[in-house]
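Peer 1: Single-letter residue listing:
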Amino acid sequence: MIKKIYDRFNENVYIIKLKNGMQVHILPKDDPYFTTYVELSVPYGALDLNYKKNLETIITPYGSAHFFEHKIFAMPDGDAFAKFSMLGADANAMTSYNQTSYLFVATENVMESLAHLMDMMDTPFFTLDNVNQEKNIIAEELKMYLDDPNVVMQNKLMEMMYHVHPIRYDIGGTLDSIMDVTPEVIGGIYDTFYNPSNRLIVIAGKVDLNQIKAFFKDYDQKYPIKYKKPKTQYPKEPKKLVQKNIIEKMNVGIDKLMIGVKLVPKRLSSKEQIKKEMAMSMLMNILLGNSSRVYAKLLEDKLINQSFFVNVTYEKNAENIMIYAESKHVRRLKKVLIELLTETAKNELTESAFLRYKKVYLGQFIFALNNLETKAYLYGKYHQMGSSLFEVVDLLQDITYQDVLFALGLIEKKYIATLIHKKA
Amino acid sequence: MLLIQNDFKTIQFAVYFTDLDEEHTRVYRFLLPKLLTSHTNKLATKTMFSEKLEDLYGAYFKTKVERVGNLSVVSIILTIVDPKIVEDEQLLDQALSLLNDVLFEHTLFNPEIFNEEKRMIIEQWETLADKKRLYAQTKFYEHFFKGDAYGYPMSGTLEDTKKLTLEKMQDYYKNVFLNNTKKFVVNGRIENNDLKKIENILIQETQLSIPFSTTFRDPRPLVIIEEKTDMQQAIIKLGYHFPIFRNDSLYNTAVLIDTVLGGYAESRLFKEIREKEGLCYDVSSSYDYYKGVLTISSGVDLKQKDRALEAIRKLVQVMVAQGITEDELKHAKSYYAHQVKSSLDSQSVLTKRAFIRDLLNHHETFEEKLLAIKNVTMDDFNKALHLLTLDTIYILYGGENDKKDI
Numbered sequence: 001m002i003k004k005i006y007d008r009f010n011e012n013v014y015i016i017k018l019k020n021g022m023q024v025h026i027l028p029k030d031d032p033y034f035t036t037y038v039e040l041s042v043p044y045g046a047l048d049l050n051y052k053k054n055l056e057t058i059i060t061p062y063g064s065a066h067f068f069e070h071k072i073f074a075m076p077d078g079d080a081f082a083k084f085s086m087l088g089a090d091a092n093a094m095t096s097y098n099q100t101s102y103l104f105v106a107t108e109n110v111m112e113s114l115a116h117l118m119d120m121m122d123t124p125f126f127t128l129d130n131v132n133q134e135k136n137i138i139a140e141e142l143k144m145y146l147d148d149p150n151v152v153m154q155n156k157l158m159e160m161m162y163h164v165h166p167i168r169y170d171i172g173g174t175l176d177s178i179m180d181v182t183p184e185v186i187g188g189i190y191d192t193f194y195n196p197s198n199r200l201i202v203i204a205g206k207v208d209l210n211q212i213k214a215f216f217k218d219y220d221q222k223y224p225i226k227y228k229k230p231k232t233q234y235p236k237e238p239k240k241l242v243q244k245n246i247i248e249k250m251n252v253g254i255d256k257l258m259i260g261v262k263l264v265p266k267r268l269s270s271k272e273q274i275k276k277e278m279a280m281s282m283l284m285n286i287l288l289g290n291s292s293r294v295y296a297k298l299l300e301d302k303l304i305n306q307s308f309f310v311n312v313t314y315e316k317n318a319e320n321i322m323i324y325a326e327s328k329h330v331r332r333l334k335k336v337l338i339e340l341l342t343e344t345a346k347n348e349l350t351e352s353a354f355l356r357y358k359k360v361y362l363g364q365f366i367f368a369l370n371n372l373e374t375k376a377y378l379y380g381k382y383h384q385m386g387s388s389l390f391e392v393v394d395l396l397q398d399i400t401y402q403d404v405l406f407a408l409g410l411i412e413k414k415y416i417a418t419l420i421h422k423k424a
Numbered sequence: 425m426l427l428i429q430n431d432f433k434t435i436q437f438a439v440y441f442t443d444l445d446e447e448h449t450r451v452y453r454f455l456l457p458k459l460l461t462s463h464t465n466k467l468a469t470k471t472m473f474s475e476k477l478e479d480l481y482g483a484y485f486k487t488k489v490e491r492v493g494n495l496s497v498v499s500i501i502l503t504i505v506d507p508k509i510v511e512d513e514q515l516l517d518q519a520l521s522l523l524n525d526v527l528f529e530h531t532l533f534n535p536e537i538f539n540e541e542k543r544m545i546i547e548q549w550e551t552l553a554d555k556k557r558l559y560a561q562t563k564f565y566e567h568f569f570k571g572d573a574y575g576y577p578m579s580g581t582l583e584d585t586k587k588l589t590l591e592k593m594q595d596y597y598k599n600v601f602l603n604n605t606k607k608f609v610v611n612g613r614i615e616n617n618d619l620k621k622i623e624n625i626l627i628q629e630t631q632l633s634i635p636f637s638t639t640f641r642d643p644r645p646l647v648i649i650e651e652k653t654d655m656q657q658a659i660i661k662l663g664y665h666f667p668i669f670r671n672d673s674l675y676n677t678a679v680l681i682d683t684v685l686g687g688y689a690e691s692r693l694f695k696e697i698r699e700k701e702g703l704c705y706d707v708s709s710s711y712d713y714y715k716g717v718l719t720i721s722s723g724v725d726l727k728q729k730d731r732a733l734e735a736i737r738k739l740v741q742v743m744v745a746q747g748i749t750e751d752e753l754k755h756a757k758s759y760y761a762h763q764v765k766s767s768l769d770s771q772s773v774l775t776k777r778a779f780i781r782d783l784l785n786h787h788e789t790f791e792e793k794l795l796a797i798k799n800v801t802m803d804d805f806n807k808a809l810h811l812l813t814l815d816t817i818y819i820l821y822g823g824e825n826d827k828k829d830i
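Protein sequences, first through last, are from chains A and B.
Residues in the first sequence are numbered consecutively from 1, following the numbering used here.
Residues in the second sequence are numbered consecutively from 425, following the numbering used here.
Same shape as in the complex, but just chain B:
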């Protein structure tokens, strides 16, 4: 168990279940946390479960399934208020008992809740096209990561969900999920006496035996996809092959490239495409260090979509060809260092960070991290910039009838 002692006003109990990421298990891993945190053997309905959380001063569970390199991580986090603030001596015991029931004591899942959760995922798929931004992101991923695990939905496909049965889910929970590698993180103001109680619940921790890896396919000829729908804007997405991963020496440089390009208000995309050209409200870049890709995303004026796309492509080409200024590098470093320091004041970030550091065996101290950022050179920057290769362009745009003159 990883214990983070501090004086936050809440306590977080986080449990991470890690396994090899496989497409056929995604549907289970997406729905299972929802089932686990909706009822228990003792609290058999969602109503009873919600009442219990309310009684614990609005304690809440947050669950997530994500891909970390070749691994699939399911996190289940219970947050409660510090019992000392509300002067409730029973709170910690009750919360720990609930956590134990949620994680380990499900004998049978409530069939009605299972069908309800399934229905809700299916209805999410049915309304995907209504949510244009989410739809564009999903379709872009399908094309950019075609043939790759990233191209497969984290929830499994609609068909996977429809085919899922309660029996299969029960079986997966008991025979696979509970045997996953488990890591516990406790974050908050904890007394020594209480620590023993926590350790009694969270004793089933195991170490990961699967080696961590990050890969992506080789670059391919540029793929351009345009899709028309009923909307006011055009959403432009560009996917760049950028083979620098979390454990690579150029990792910090890659983060800085993302920052200078579209990571903050002084970035080139923000200044040129939004402020100077007035082509959009939002434009940003995002670097995925587990995948080795960089993406650019913007919602632009319908009538200016071709101009905006051209301007974004050209901006990246110029940056690769001509590099950046010393000032740009200096400001990006200062911003990146600020982000690192600021994140250390967030309880949720500290919890996740403790888990990831343990998972990836990272021991770099905070001071070493800041020094590494400081030491990035212009040579590093230019070397990394040349690894950017435009791979996929996806545009979702509104039809003629939806245009409005400005």
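Just chain A, with the same shape it has in the complex:
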């Protein structure tokens, strides 16, 4: 077991590397503490639709990763969720674009729950009946999101920006695509992405290190095979947009605007990629965050309300910025925002705002460490990205004002798409 100490944040990490390739990272919390949070993740998410198996390329339907996440809870003797509940643990799972996580929170029966989690992962049970039954449940989940105008617009905007990249579709897929999921699709995903070599386990909170060590020593003996890393394939995405502007008449209370900026991804090391994402996120905060001059002016001119938000996404081969607003003056707002992004932004940037945001990001990092669930999730996420949660603070310090100015240069007018939902 390797021990890493992060004095400044009063955090220690213990790492167990199994012979089969699986890694277990433990972030203990001293007494008095009741809760243990366990997350198992695999670097396989909604974007990993096409993968290589022997010499063949397997193409899976949109939403397969999310569908799998639902189905792995099915076990021959019933639903795995129920057993977690019986043990007094709270289980959950989530699928993102690039990883899938399975987690539980427990205050008793931690080792029993951990054994159950591993058992669930090692007991695939995919039948035609249980896969078909899940289609109804997932369809209702997708429809629930489709009743949210924000999600509907986001889905449409992605279709306007991306030709073939899987980010074009919702993480859960579409009502049509999930109908194509079969037990064979799910089984293929299991065999390729879910072997022990591909799993990362993060345990945070109240722990008994010796018990955990003994558990995984046994596990390693039980599952000694080390598997090859799976290979995912991405279609080549053109730089240009699919469609630049759409206005749709909708039954809405106030008009809504969504702006999407398609960025051109470059191959970088994982650390450079994290820095690049942070610099872009800082740029958007300086331009449109709560303390920006532009944000104040937009409020003053009644162009936006509290629903306004900006989101920066950096995924595999797909990078974009999304801006959302409800507005009674939607065309004017669109003009102001596009002018800002493509012409006037440089006048709004100041080094003092940049330095302030460096403090904010450091603060956000500390806030994240305060919450067990966020800490474990981010720890897993950065590890899967090839970095480390605690290294992110150093990467943050490395970002310069020049990096932020460089990020601005990546925004090009021809790659900006706009979608308006106008009151019918």
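There's no promise every hint is true.
Said to hold, decoys possible - For lysine to aspartate or glutamate, the following EDC-like pairs were computed, each having C-alpha atoms within a straight-line distance of at most 20 angstroms:
{"#": "1", "chain 1": "B", "residue 1": "K793", "chain 2": "B", "residue 2": "D782"}
{"#": "2", "chain 1": "A", "residue 1": "K156", "chain 2": "B", "residue 2": "D654"}
{"#": "3", "chain 1": "A", "residue 1": "K358", "chain 2": "A", "residue 2": "E391"}
{"#": "4", "chain 1": "A", "residue 1": "K358", "chain 2": "B", "residue 2": "D512"}
{"#": "5", "chain 1": "A", "residue 1": "K414", "chain 2": "A", "residue 2": "E343"}
{"#": "6", "chain 1": "B", "residue 1": "K757", "chain 2": "A", "residue 2": "E108"}
{"#": "7", "chain 1": "B", "residue 1": "K765", "chain 2": "A", "residue 2": "D31"}
{"#": "8", "chain 1": "A", "residue 1": "K213", "chain 2": "A", "residue 2": "E108"}
{"#": "9", "chain 1": "A", "residue 1": "K266", "chain 2": "A", "residue 2": "E412"}
{"#": "10", "chain 1": "A", "residue 1": "K358", "chain 2": "B", "residue 2": "E475"}
{"#": "11", "chain 1": "A", "residue 1": "K422", "chain 2": "B", "residue 2": "E547"}
{"#": "12", "chain 1": "B", "residue 1": "K754", "chain 2": "B", "residue 2": "D804"}
{"#": "13", "chain 1": "A", "residue 1": "K244", "chain 2": "A", "residue 2": "E159"}
{"#": "14", "chain 1": "A", "residue 1": "K135", "chain 2": "B", "residue 2": "E696"}
{"#": "15", "chain 1": "A", "residue 1": "K297", "chain 2": "B", "residue 2": "E547"}
{"#": "16", "chain 1": "B", "residue 1": "K700", "chain 2": "A", "residue 2": "D79"}
{"#": "17", "chain 1": "A", "residue 1": "K135", "chain 2": "B", "residue 2": "D706"}
{"#": "18", "chain 1": "B", "residue 1": "K542", "chain 2": "A", "residue 2": "E300"}
{"#": "19", "chain 1": "B", "residue 1": "K765", "chain 2": "A", "residue 2": "D30"}
{"#": "20", "chain 1": "B", "residue 1": "K652", "chain 2": "B", "residue 2": "D730"}
{"#": "21", "chain 1": "B", "residue 1": "K727", "chain 2": "A", "residue 2": "D176"}
{"#": "22", "chain 1": "A", "residue 1": "K423", "chain 2": "A", "residue 2": "D255"}
{"#": "23", "chain 1": "B", "residue 1": "K700", "chain 2": "A", "residue 2": "D77"}
{"#": "24", "chain 1": "A", "residue 1": "K135", "chain 2": "B", "residue 2": "E701"}
{"#": "25", "chain 1": "A", "residue 1": "K297", "chain 2": "B", "residue 2": "E536"}
{"#": "26", "chain 1": "A", "residue 1": "K249", "chain 2": "B", "residue 2": "D654"}
{"#": "27", "chain 1": "A", "residue 1": "K359", "chain 2": "B", "residue 2": "E511"}
{"#": "28", "chain 1": "B", "residue 1": "K700", "chain 2": "B", "residue 2": "E734"}
{"#": "29", "chain 1": "A", "residue 1": "K275", "chain 2": "A", "residue 2": "E351"}
{"#": "30", "chain 1": "A", "residue 1": "K413", "chain 2": "A", "residue 2": "E343"}
{"#": "31", "chain 1": "B", "residue 1": "K754", "chain 2": "A", "residue 2": "D79"}
Hints are computed from structural coordinates only; laboratory data are not their basis.
Use these hints to put chain B onto chain A, whose structure you have.
Peer 2: Frame of chain A, contents of chain B only:
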């Protein structure tokens, strides 16, 4: 002041303003915290205020107004990072000074900010129908709690907001709000020297003189409301009269009933309606111990809404008539105990819990609480189950054109 010393990496300064809940003051109490935490005399604009928070390592205010029994509680909570971690000796002083300005030192509110906050609340009302889940919840409450304080929006009505003036708000702040009962909770790693500084700011604490009470009307004949709109699903809401309140002896039993019925993944609603019948993605129950009601909520397949409603109603009827198994009770107890223990590791929960315990004069220890859960019997369970009376059904559903075959 209630002080919680621990080693969280942040410090929370919470202030709770408590008064009798009245419909005509809701509009003030909803908008006021937004005004207070958007500017001060020294930081006259939202931009200046935001810059200050950013400079304090992204410190943030969280505000909320809620009804606790017959009381209205406005909470204003400032969270900062532990100054020792960022090695900033000025941070605590600056944060305390800001908190003091936010709470007590507003002489005049900025009229532009007042109008802006008003506009934003009005626009929230104008877009309510776009957010189907929120709309369904609002309409359900209107019907279930018709004639009751719960049926009146916590924000006041749209008309209340439109009529609100800056002068009235100023007057309410100075003459009513600042005279509310105030309770302070400080939660984090605090040195003795720092404690004195905090006490200098938070000295105006007062005790509550209004007796706490919980009530709800008597059961009535079942009311069923269906509303059609433009959406993909049907949202079903059932409201049950369930006269067990926070201070009642059957309180823990009521929580366990909620757990077994729809509180977790082993619940009957989850297993039957979602997993077995495949009628929905989300289905859950929720028990309000200040109101004495239990509600069930689910988003279901449009074409199956009648079947789903019938299945949910029947499931509750069977549970009331036949009770539950020993295993169900055992698992629910274990889950409830886990929730109680786990909540003690959350800084925000600890802060709120300290305030509520003080407000309601609760002294039950953590060990006593776990024992009380353990001691709930099957007799208690059956006795409480028979207090459930279906009162209101509300369904919001999509039109024919929106249906899609699966």
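Peer 1: Each hint needs a verdict: does it hold in this structure or not?
Peer 2: Verification of the hints:
{"no.": "1", "hint": "B:K793 x B:D782", "result": "16 angstroms, holds"}
{"no.": "2", "hint": "A:K156 x B:D654", "result": "18 angstroms, holds"}
{"no.": "3", "hint": "A:K358 x A:E391", "result": "15 angstroms, holds"}
{"no.": "4", "hint": "A:K358 x B:D512", "result": "15 angstroms, holds"}
{"no.": "5", "hint": "A:K414 x A:E343", "result": "13 angstroms, holds"}
{"no.": "6", "hint": "B:K757 x A:E108", "result": "12 angstroms, holds"}
{"no.": "7", "hint": "B:K765 x A:D31", "result": "13 angstroms, holds"}
{"no.": "8", "hint": "A:K213 x A:E108", "result": "18 angstroms, holds"}
{"no.": "9", "hint": "A:K266 x A:E412", "result": "15 angstroms, holds"}
{"no.": "10", "hint": "A:K358 x B:E475", "result": "13 angstroms, holds"}
{"no.": "11", "hint": "A:K422 x B:E547", "result": "15 angstroms, holds"}
{"no.": "12", "hint": "B:K754 x B:D804", "result": "14 angstroms, holds"}
{"no.": "13", "hint": "A:K244 x A:E159", "result": "11 angstroms, holds"}
{"no.": "14", "hint": "A:K135 x B:E696", "result": "16 angstroms, holds"}
{"no.": "15", "hint": "A:K297 x B:E547", "result": "18 angstroms, holds"}
{"no.": "16", "hint": "B:K700 x A:D79", "result": "11 angstroms, holds"}
{"no.": "17", "hint": "A:K135 x B:D706", "result": "14 angstroms, holds"}
{"no.": "18", "hint": "B:K542 x A:E300", "result": "13 angstroms, holds"}
{"no.": "19", "hint": "B:K765 x A:D30", "result": "15 angstroms, holds"}
{"no.": "20", "hint": "B:K652 x B:D730", "result": "14 angstroms, holds"}
{"no.": "21", "hint": "B:K727 x A:D176", "result": "18 angstroms, holds"}
{"no.": "22", "hint": "A:K423 x A:D255", "result": "6 angstroms, holds"}
{"no.": "23", "hint": "B:K700 x A:D77", "result": "14 angstroms, holds"}
{"no.": "24", "hint": "A:K135 x B:E701", "result": "12 angstroms, holds"}
{"no.": "25", "hint": "A:K297 x B:E536", "result": "12 angstroms, holds"}
{"no.": "26", "hint": "A:K249 x B:D654", "result": "14 angstroms, holds"}
{"no.": "27", "hint": "A:K359 x B:E511", "result": "12 angstroms, holds"}
{"no.": "28", "hint": "B:K700 x B:E734", "result": "15 angstroms, holds"}
{"no.": "29", "hint": "A:K275 x A:E351", "result": "18 angstroms, holds"}
{"no.": "30", "hint": "A:K413 x A:E343", "result": "9 angstroms, holds"}
{"no.": "31", "hint": "B:K754 x A:D79", "result": "18 angstroms, holds"}
Checked against the numbered hints above, the structure breaks none of them.
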